[in-house]
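J.: Chain A is already provided as a structure; the job is to place chain B on it using the hints.
Going line by line, the protein sequences match chains A and B.
So for the first sequence, the numbering used here puts the first residue at 1; every next one is plus one.
So for the second sequence, the numbering used here puts the first residue at 1; every next one is plus one.
Accuracy of the hints is not assured; some may be wrong.
[To be verified] Derived CB-CB ranges, DEER-like: (1) B:Pro-251 <-> A:Val-61: 53 to 61 Å; (2) A:Val-61 <-> B:Thr-254: 55 to 63 Å; (3) B:Glu-66 <-> A:Gly-14: 29 to 37 Å; (4) B:Arg-13 <-> A:Asp-79: 23 to 31 Å; (5) A:Lys-52 <-> B:Glu-249: 51 to 59 Å; (6) A:Glu-32 <-> B:Gln-30: 43 to 51 Å; (7) A:Gln-35 <-> B:Glu-176: 54 to 62 Å; (8) B:Ala-190 <-> A:Lys-52: 46 to 54 Å; (9) B:Ala-95 <-> A:Asn-11: 48 to 56 Å; (10) B:Arg-13 <-> A:Arg-8: 21 to 29 Å; (11) B:Pro-179 <-> A:Gln-35: 55 to 63 Å; (12) B:Pro-18 <-> A:Lys-13: 47 to 55 Å.
[Unchecked claim] Calculated pairs, DMTMM-like style, for lysine to aspartate or glutamate (alpha carbon to alpha carbon, straight line, at most 20 Å): (13) B:Lys-23 <-> A:Asp-69; (14) B:Lys-210 <-> A:Asp-79; (15) B:Lys-23 <-> A:Glu-29; (16) A:Lys-13 <-> B:Asp-5; (17) B:Lys-23 <-> A:Asp-79; (18) B:Lys-237 <-> B:Glu-255; (19) A:Lys-13 <-> B:Asp-6; (20) B:Lys-215 <-> A:Glu-29; (21) A:Lys-52 <-> B:Glu-19; (22) B:Lys-23 <-> A:Asp-81; (23) B:Lys-23 <-> A:Asp-56; (24) B:Lys-215 <-> A:Asp-56; (25) A:Lys-60 <-> B:Asp-5.
Read the hints as simulated data drawn from the structure, not as lab findings.
Bear in mind that the values here come from a model prediction, so they are computed numbers and not experimental data.
C-beta atoms are modelled at their ideal positions from N, C-alpha and C, and glycine is treated no differently.
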Amino acid sequence: MAGDAPDRQINIKGLVCPYTFVKAKLAMEAMEIGQVLEILLDYEEASRSIPKSMEDHGQKVLKVEKVNDTDWVLLVRKDKD
Amino acid sequence: MDFTDDQLMRYSRHILLPEVGGKGQARIAQAKVFIVGAGGLGCPVGYYLAAAGVGTIALIDNDTVEMSNLQRQIAHSMQTIGMPKVESAKKTFEALNPDVNVVAIQKRISKDNILDLIRDYDIVVDGSDNFPTRYLVNDACFMARKPLVSGAILRFEGQVTTIVPGEGPCYRCLFEEPPPPGLVPSCQEAGVLGVLPGVIGGLQATEVLKLVLGKGEVLKGELLIYNALKTSFRKVKVPKNPFCALCGESPTITELTDYEQGYCSM
Chain A
1 MAGDAPDRQI
11 NIKGLVCPYT
21 FVKAKLAMEA
31 MEIGQVLEIL
41 LDYEEASRSI
51 PKSMEDHGQK
61 VLKVEKVNDT
71 DWVLLVRKDK
81 D
Chain B
1 MDFTDDQLMR
11 YSRHILLPEV
21 GGKGQARIAQ
31 AKVFIVGAGG
41 LGCPVGYYLA
51 AAGVGTIALI
61 DNDTVEMSNL
71 QRQIAHSMQT
81 IGMPKVESAK
91 KTFEALNPDV
101 NVVAIQKRIS
111 KDNILDLIRD
121 YDIVVDGSDN
131 FPTRYLVNDA
141 CFMARKPLVS
151 GAILRFEGQV
161 TTIVPGEGPC
171 YRCLFEEPPP
181 PGLVPSCQEA
191 GVLGVLPGVI
201 GGLQATEVLK
211 LVLGKGEVLK
221 GELLIYNALK
231 TSFRKVKVPK
241 NPFCALCGES
251 PTITELTDYE
261 QGYCSM
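Chain A extracted, bound-state conformation (with noise of 0.2 Å):
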């Protein structure tokens, strides 16, 4: 599964919390179970943030990776509706 093309993915860059969760929750909320949601970030506190939030709701973190000096990607699998 991780290494497939995601089904679906968010950009959000130059967000803060909380609203890089919730956007990333808003995503989710709109795919269906066992689809793979990819976030790129840059907000570091959200690289951490976002993986556990998304754990505490049901969801299954697939991947948390530093992409460079700046970003992360996550791959975040929706499990729960």
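T.: Just chain B now, with coordinates in the frame of chain A:
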């Protein structure tokens, strides 16, 4: 629902809640709530529902704002003394949240207009201060099959219950008939702690949002009694009365009645 950036910020603390989310916030935006009374209870109920983003809020009240209201009726102010209460509250709620459509109805509610007035609304909130209105609203909501969130306050004590037609008791199952005029003192005679309607109205607004979201448990078949002096909350189970004149097995009330005046109408 596509949220604007302003709406994302305004409702972010709702959207973060698993029980609300974007879908729940969209339901709140579509909700239409009818509030009877723009006084002690109607002010905080309407204020919080406006803040929550309830799409349409109707307020009915025939009175104008007086100085003696300002100790507890938080939607009004020195600037709106003399103005119809519904117009004063509309100004306040729209200043708080321009997303909300506030329908101000400056009328006395009666058996002849209530069914037409509540027809297009999902939920009714009773914030009235007198027994004739309380029974009229209960009977009309039962006939129109509208959920009713009822609240009442006096001195240091308040009560709240949520009536869902067909799913539990109605107000007449609790108290069959209005008390005779003069028996129960009014707020005008007995006084009321100014913050009390804030507590009770806050509870009523919470009940409304749970009904809109379909989450949690509302006060169905239960009367919540708050005593501000003791800081105590007491929940009393209220069974449905099979002999209730309105919602019982052989109802005798089949049309609306305007009870005698002579009650408090502050």
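J.: Each of the hints needs a verdict: does it hold here or not?
T.: Evaluated hints:
1. B:Pro-251 <-> A:Val-61: 53 to 61 Å: holds, 57 Å
2. A:Val-61 <-> B:Thr-254: 55 to 63 Å: Holds - the Cβ-Cβ distance for A:Val-61 and B:Thr-254, about 60 Å, lies within 55 to 63 Å.
3. B:Glu-66 <-> A:Gly-14: 29 to 37 Å: Taking Cβ atoms as reference, B:Glu-66 and A:Gly-14 lie about 51 Å apart, which means the hint is violated.
4. B:Arg-13 <-> A:Asp-79: 23 to 31 Å: Given a distance of about 24 Å, which is inside 23 to 31 Å, the answer is holds.
5. A:Lys-52 <-> B:Glu-249: 51 to 59 Å: The hinted range 51 to 59 Å holds for A:Lys-52 and B:Glu-249, with Cβ atoms some 55 Å apart.
6. A:Glu-32 <-> B:Gln-30: 43 to 51 Å: violated, 23 Å
7. A:Gln-35 <-> B:Glu-176: 54 to 62 Å: holds, 56 Å
8. B:Ala-190 <-> A:Lys-52: 46 to 54 Å: holds, 52 Å
9. B:Ala-95 <-> A:Asn-11: 48 to 56 Å: violated, 35 Å
10. B:Arg-13 <-> A:Arg-8: 21 to 29 Å: holds, 25 Å
11. B:Pro-179 <-> A:Gln-35: 55 to 63 Å: For B:Pro-179 and A:Gln-35 the Cβ distance comes to about 60 Å; the hint holds.
12. B:Pro-18 <-> A:Lys-13: 47 to 55 Å: violated, 26 Å
13. B:Lys-23 <-> A:Asp-69: Since the Cα atoms of B:Lys-23 and A:Asp-69 sit roughly 36 Å apart, the hinted pair is violated (cutoff 20 Å).
14. B:Lys-210 <-> A:Asp-79: Distance ~25 Å between B:Lys-210 and A:Asp-79 Cα, so the pair is violated.
15. B:Lys-23 <-> A:Glu-29: holds, 8 Å
16. A:Lys-13 <-> B:Asp-5: holds, 15 Å
17. B:Lys-23 <-> A:Asp-79: holds, 17 Å
18. B:Lys-237 <-> B:Glu-255: Given pair B:Lys-237, B:Glu-255 is violated - Cα atoms ~28 Å apart, limit 20 Å.
19. A:Lys-13 <-> B:Asp-6: Holds: A:Lys-13 and B:Asp-6 sit about 18 Å apart, inside 20 Å.
20. B:Lys-215 <-> A:Glu-29: holds, 17 Å
21. A:Lys-52 <-> B:Glu-19: Cα-Cα ~18 Å, so holds.
22. B:Lys-23 <-> A:Asp-81: holds, 11 Å
23. B:Lys-23 <-> A:Asp-56: holds, 18 Å
24. B:Lys-215 <-> A:Asp-56: holds, 19 Å
25. A:Lys-60 <-> B:Asp-5: violated, 27 Å
The structure does not agree with the numbered hints 3, 6, 9, 12, 13, 14, 18 and 25 stated previously, though it agrees with the rest.
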